[in-house]
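Protein chains: 2
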Amino acid sequence: MNSLSAVRSVLNKLGASSSKLSRQISTMVKTKKFIYAKAFQGEPKETDFELIEEELPDLKDGEVLSEALYHSVDPYMRPYMARYPVGVTMIGGQIAKVIESKNVAYPVGSTIFGQFGWQTHTIFNPSEHTDPIQSYVLPSFGKHPSSLGLGVLGMPGNTAYFGFLGICQPKAGEVVAVTGAAGAVGILVGQIAKLKGCKVIGFAGSDEKCAWLKNELGFDHVINYKTENVSKALRTAAPEGVDCYFDNVGGQISSQIIQQMKDYGRIAVCGSISSYNLDVKDMPQVPILQPIFVFKQLKMEGFLVWRYADRWMEGIKQMSQWVDSGKIKYHETTTDGFENLPKALIDMLRGGNTGKAIVRSSL
Amino acid sequence: MNSLSAVRSVLNKLGASSSKLSRQISTMVKTKKFIYAKAFQGEPKETDFELIEEELPDLKDGEVLSEALYHSVDPYMRPYMARYPVGVTMIGGQIAKVIESKNVAYPVGSTIFGQFGWQTHTIFNPSEHTDPIQSYVLPSFGKHPSSLGLGVLGMPGNTAYFGFLGICQPKAGEVVAVTGAAGAVGILVGQIAKLKGCKVIGFAGSDEKCAWLKNELGFDHVINYKTENVSKALRTAAPEGVDCYFDNVGGQISSQIIQQMKDYGRIAVCGSISSYNLDVKDMPQVPILQPIFVFKQLKMEGFLVWRYADRWMEGIKQMSQWVDSGKIKYHETTTDGFENLPKALIDMLRGGNTGKAIVRSSL
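Quick note, the sequences are listed as chains A and B, same order. My numbering applies: residue 2 is where the first sequence begins, and numbers increase by one. My numbering applies: residue 2 is where the second sequence begins, and numbers increase by one.
If we strip away everything but chain A, and leave its shape as in the complex, we get (with noise of 0.2 Å):
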């Protein structure tokens, strides 16, 4: 917390009383964010950014201040951003403090999550959110930091937890695969496969990143997409074929997954990394996979986490007793600075990180 904030929250505290001192200190709060300036084409450049300063209005009554202490930087902004004019706030969450406060749901002090974006100073009114998940007040995380509110005790973890169990549906003893194994969801997925006596084979870009996932995280086979014969190596690792598929990546390495899928398959379509920064016009090209799904009687489905946003806090409490157990273990790649965030999200999409990428706001 920084001289200002501390200031602040004394100020809180006092209450009404002082309400006016506090009123005008307020005017004085700025927050810097990023504009999404140029519209995505290809790979995000760093100028397709543009970093403003804001000054924030005075709080109305029900409304609430946070600074940010946390970024997300994730795959799923790339893709998104094609709905947005160009002009808007830089999407993403955050974890906060909030340093001001005219509601009581939030006191000053709390840690929160914010669907808020890439900007250091929010000011909102919570009962204004339609989305139930637009803020919340974390949860003690007890010894693991706040950070953990982006990945394995967010939206990266609530994706593993309820995309992976809940289509999937994987069953001691089946042959899980899980591409962009090395990534924030997919250290995640491999683990909770483990934990319920599955065999799991996971994809990543990197030796190294394999052989952390296999020495770090208990995976049983891991295979480099970049450097081996895919479909062979699969066939090796897993000669009586995959149960269930988790795919983060989608693309050319997914059909050749899905080839080796057993009867009655299940496939869980996170995400399409591989292809986010690809025009329409050139998605890769595969063979149809009709005659797989018929045959051997595949079920695929495509989900975004935020159907399960009336469940939320139920993904969150799991994984931390896994956490706390040490039965799950979590990563983060991360980087200082918020004049950084375009830069992290660049490298993200590019495989720069092993588990969660975030950006440290240094104010």
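These are computed hints drawn from the structure, not numbers from a lab. It cannot be assumed that every hint is accurate.
Here are a few chain A residues that face chain B, going by a calculated C-beta distance under 10 Å [said to hold, decoys possible]:
id, residue
1, Ser256
2, Val281
3, Gln291
4, Leu299
Computed list of chain A residues with no C-beta within reach of chain B, every gap over 12 Å [to be verified]:
id, residue
5, Lys31
6, Gln42
7, Asp59
8, Pro127
9, Ala238
10, Gly242
11, Ser275
12, Lys297
13, Asp325
14, Ile347
15, Gly353
We put the beta carbon where it would ideally sit given N, CA and C, even for glycine.
Place chain B on chain A using the hints.
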């Protein structure tokens, strides 16, 4: 029933006392059968089959002798034969009459379904069947011909009933697309969808088929995929998008339809007839589907109707009620003569049929 059958039938009614004479006559029974003589390459050819005659042995206790009335030719036969060695009897279902029986469950004169392959006469022991729908005595079809046991009141009927309702889960007011709409299964899926209050869009390969689907079966929109721009025509027919897609044909057209699905759309993959004559290395290439699966949260499931074997009679009963009440219309494309089975199969794979393709076994 021919004269030999008639004699056989009378003898059978006389019971054990006629067993000696029955056996003497039994030794005279011959079956005609088509052997899978050359492995299919591309489109099946008449020379891939060999017509032979074989003498049948006497019936043993528990056995039944049947004589074919109608044979089925179905799309699945093309890909399934890849699993069989050259030299086997060609596979397929048939409607037959029991002409001799040493099994009380299959009395002489009863009309049965049997998965007996392309042969005119079959000796079988129902108690040795491991598959519950390998053979069964047909329930009464009332005024309708027994050939329906190969179509609306048999495998294609159950394919439409269980596959469409079970996998697509259509709701009143939803938009349903079906390819191979004029085929044995397609005409039933479209009509069931109409019964459920859906808007139905059918894809077929000729203007005649399209007109018939619209005028006779009440499809809301029909698209001739051979002459129309499928994407454009579908956008006009269903500007709001597609909720359920029942896919009989696979190929490029499937990808075009999937690109116009609504959020949470459901796809039942029943067949992939457009690629059955192609070698694996010649499969059509299509853009990857993962991005739309994620962002529209689509679900796609392939199925083989045999998975519903334990509910088989439930499907036939429901379809019978709909046929009896005129809510479901059926249509057959009939070829005369057992000898014409190869030609009928080839023609059906070319889309020559409307509704169910059958062969009447004029002995």
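Hint by hint, here is what the structure shows:
no.	hint	verdict
1	Ser256	holds, 8 Å
2	Val281	holds, 8 Å
3	Gln291	holds, 3 Å
4	Leu299	holds, 5 Å
5	Lys31	holds, 35 Å
6	Gln42	holds, 17 Å
7	Asp59	holds, 39 Å
8	Pro127	holds, 27 Å
9	Ala238	holds, 22 Å
10	Gly242	holds, 15 Å
11	Ser275	violated, 8 Å
12	Lys297	violated, 7 Å
13	Asp325	holds, 31 Å
14	Ile347	holds, 20 Å
15	Gly353	holds, 22 Å
Hint violations for this structure: numbers 11, 12, all remaining hints satisfied.
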